[in-house]
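Take the given structure of chain P and dock chain F with the ligands to it, following the hints.
These protein sequence lines are chains P and F, in that order. If you're matching positions, the first sequence starts at 1 in the working numbering and goes up one per residue. If you're matching positions, the second sequence starts at 1001 in the working numbering and goes up one per residue.
For the record, the hints were derived by calculation from the structure and aren't laboratory data. Among the clues, some could well be false.
[What the hints assert, rightly or not] Pairwise CB distance ranges (calculated): (1) Lys-208(P) x Glu-1111(F): 46 to 52 Å; (2) Arg-1087(F) x Asp-129(P): 32 to 38 Å; (3) Gln-1112(F) x Asn-2(P): 41 to 47 Å; (4) Ser-188(P) x Lys-1055(F): 35 to 41 Å; (5) Asp-259(P) x Leu-1245(F): 30 to 36 Å; (6) Glu-1159(F) x Asn-49(P): 20 to 26 Å; (7) Thr-1176(F) x Glu-320(P): 55 to 61 Å.
Using N, Cα and C, we set each Cβ at its ideal position, and we do this for glycine too.
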Amino acid sequence: MNMDEYRGVWVFIEQIEGKVLDVGLELLGAGKELAEKLEVDLCGVLIGNNVKHLANEVFEYGADKVYVIDDPIVDQYRTETYMVAVGDLVRKYKPEIFLYGATANGKDLASAVATEVMTGLTADTTLLDVNVEKRLFEASRPAFGGNIMATILCKKHRPQMATVRPKVMKKQEPETGRTGELIEETISLKEENLRTKVLDIVRDTSKKVNLEDADIIVAAGKGIKDEKGLQMVAGLADVLNGTLGASRDIVEAGLISHDHQVGQTGLTVTPKLYIAIGISGAVQHTVGMENSETIIAINNDPDAAIFNKAHYGIVADAFEIVPILTEEFKKALHVEAEEGDVAHAGEV
Amino acid sequence: MNILVCIKQVPDTKIIKVNPKTNTLDRSSAPAILNPYDAHAVEEAVRLKEVHGGKVTVLSMGPPQAKAAIKKCIEIGADEGYLISDRRFAGADTLATSYALFKAIQKMMNEQGVDLVLCGKHAIDGDTGQTGPGIARRMEIPPLTNVIKVEKVDTVANEIVVHRKIENGYERIQSTLPCLLTVEKEINQVAYSPLPNMLRAARYNPIIWTVDDLDEVDIKQLGLKGSPTIVGKMWPPEKSKGAELIEGDVKKQATEIVALVLSKQELFEVKGGE
Ligand SMILES: Cc1cc2nc3c(=O)[nH]c(=O)nc-3n(C[C@H](O)[C@H](O)[C@H](O)COP(=O)(O)OP(=O)(O)OC[C@H]3O[C@@H](n4cnc5c(N)ncnc54)[C@H](O)[C@@H]3O)c2cc1C
Ligand SMILES: Nc1ncnc2c1ncn2[C@@H]1O[C@H](COP(=O)(O)O)[C@@H](O)[C@H]1O
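In isolation and in its complexed conformation, chain P is listed as follows:
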């Protein structure tokens, strides 16, 4: 492999039903920084049916070029078609860095493409940088099990690929009217030769939890022990009109669904107030909440790592303090609510 042939930073622009997902726009922001350091173009990859017009949005968010494959055969995401479409583009245009959003389809596609073009792929990265001199992409993520960050490198293969969780990178302001070069490519597959078919898509419109937009999150960790402890924390969240968050450990224990999970493999959140109860503060958790405006941690272990990230720390037994807190907030908020400037607990 002649690595010098590989130039440019690419971002996979995932779209669903003609709407570009935010994560792609976020990655354009992150990709732009890498592209500027390397002095190369930032390019978007857009695949779908009747999607060409979406390129404008991609240019406005900073892409210099957009590669488009617009064809009925890629109307819906299927690994077997997208993998070939993207694989062909990579072989033809040779990018040096390629970023994907870590959505269900983004992860699926990146894994298949990595094998298709035989290169390295780093999952769920939270920090991106580049060594300009060596043109080496530095994709970092919390490492196995612990409080450690690790940089993953791909020295001898190109492109260097990574998936990035939604909301980890910040979307930049679009520049209205900005344009770039549109490169249209075709796909050679025929429907009758394909082996998979999407029969239908069932959307769950009753999206119950919306952690990402919450102003107040009250999050529970393994320290709350069981269902009863979780109910206790949920009670506090309710009084504050907040949303219930969770560490992976209580999600894995089956106490609460994955939509509540905050962290590297859950959601990244930035509420005004984050109250962590019985959460140890492993880096996989804190990467998902450390940018919250105010963080309050309650933990009975004075050495818990969460106190490094919190603004206010309370060393106490959650089972003692949370019921008191709930009562006090109930009283306080009720009084103020009567004065008319406070939302009632449980409202909305």
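Frame of chain P, contents of chain F with the ligands only:
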């Protein structure tokens, strides 16, 4: 129907502890377990076998201790287990892992057909979820990831319909067989193992293959050498200034938090237009 399940032994990351002062892992604190998602994959395979007949074989790559994870699969109801174990496999990233597993699968395919391959959604030690699609690509069969339900298997028409979890919903997708599924936890509940399975598992010895047992292996694609990704530097995450501790008895602590939170007026303003 011959079903192959790829399974991995992982340290129980729920238990592994980190020393917050030294930032090092206390590995001895973590017992090795069968990757929880893989247990669901084996369970699904066993259930499909009960309906459609055939055989459930599990395959793992790992050190000799990984035999314990294979025995666990026998408990769940797998018929046979293979472990590929060799120093030359060590240090593999997902690309090299999928290559090694693929080589083993090829060899098994020569001995018996494979109609369906199952993997977990991801292994909890790395959470990458890249191995399954990698294997499928190498086998040139369709990967269907994040499966929450197998709706229909038609062994005559060689077709399968599954539900695949996507952002806020799921899709029903049809594929020809053979194909590869990666499964989510929602797909089933792992049943308690019946006593005969437990007894069989206790006596069971997995078949062990080394690199030399596989056919036409390109050594350069194995293990550390075959892995494009490597770990560069490692560092403890940035510590912020640290929390301001709120001291006193619980009652006093609670009062202070309440006052603190209430002082943030904007938190409790009624939001308009929602
Ligand atoms: C690849 C990978 C990805 C991961 N992704 C995520 C992720 O996205 N999100 C995530 O959260 N984790 C993730 N993890 C797991 C992470 O490493 C930690 O294991 C997890 O966050 C720990 O959860 P916890 O803090 O709830 O539990 P523990 O670490 O068990 O902590 C429990 C805490 O509760 C305290 N406590 C106990 N009793 C009480 C009491 N009565 N009152 C008050 N405090 C009490 C204890 O002192 C302790 O600090 C991931 C791990 C891996 C390997
Ligand atoms: N060493 C291994 N041996 C067998 N199967 C594996 C191995 N590593 C990963 N897998 C399979 O691939 C899935 C995803 O793993 P990962 O890509 O590591 O997240 C697991 O749930 C297993 O089904």
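These are the hints, each one checked on the structure:
Evaluation of the 46 to 52 Å hint for Lys-208(P) and Glu-1111(F) yields a pass: the beta carbon distance comes to about 48 Å. For the hinted restraint 32 to 38 Å between Arg-1087(F) and Asp-129(P), the CB-CB distance of approximately 34 Å keeps it satisfied. Taken as a hint, the range 41 to 47 Å holds for the pair Gln-1112(F) and Asn-2(P), whose Cβ atoms sit roughly 42 Å apart. A beta carbon spacing of about 38 Å between Ser-188(P) and Lys-1055(F) agrees with the range 35 to 41 Å that was offered as a hint.
Here the CB-CB span from Asp-259(P) to Leu-1245(F) is close to 32 Å, well matched to the stated 30 to 36 Å. The supplied range of 20 to 26 Å is met by Glu-1159(F) and Asn-49(P), whose beta-carbon atoms lie about 25 Å from each other. The hinted window of 55 to 61 Å between Thr-1176(F) and Glu-320(P) holds, with their beta carbons roughly 59 Å apart.
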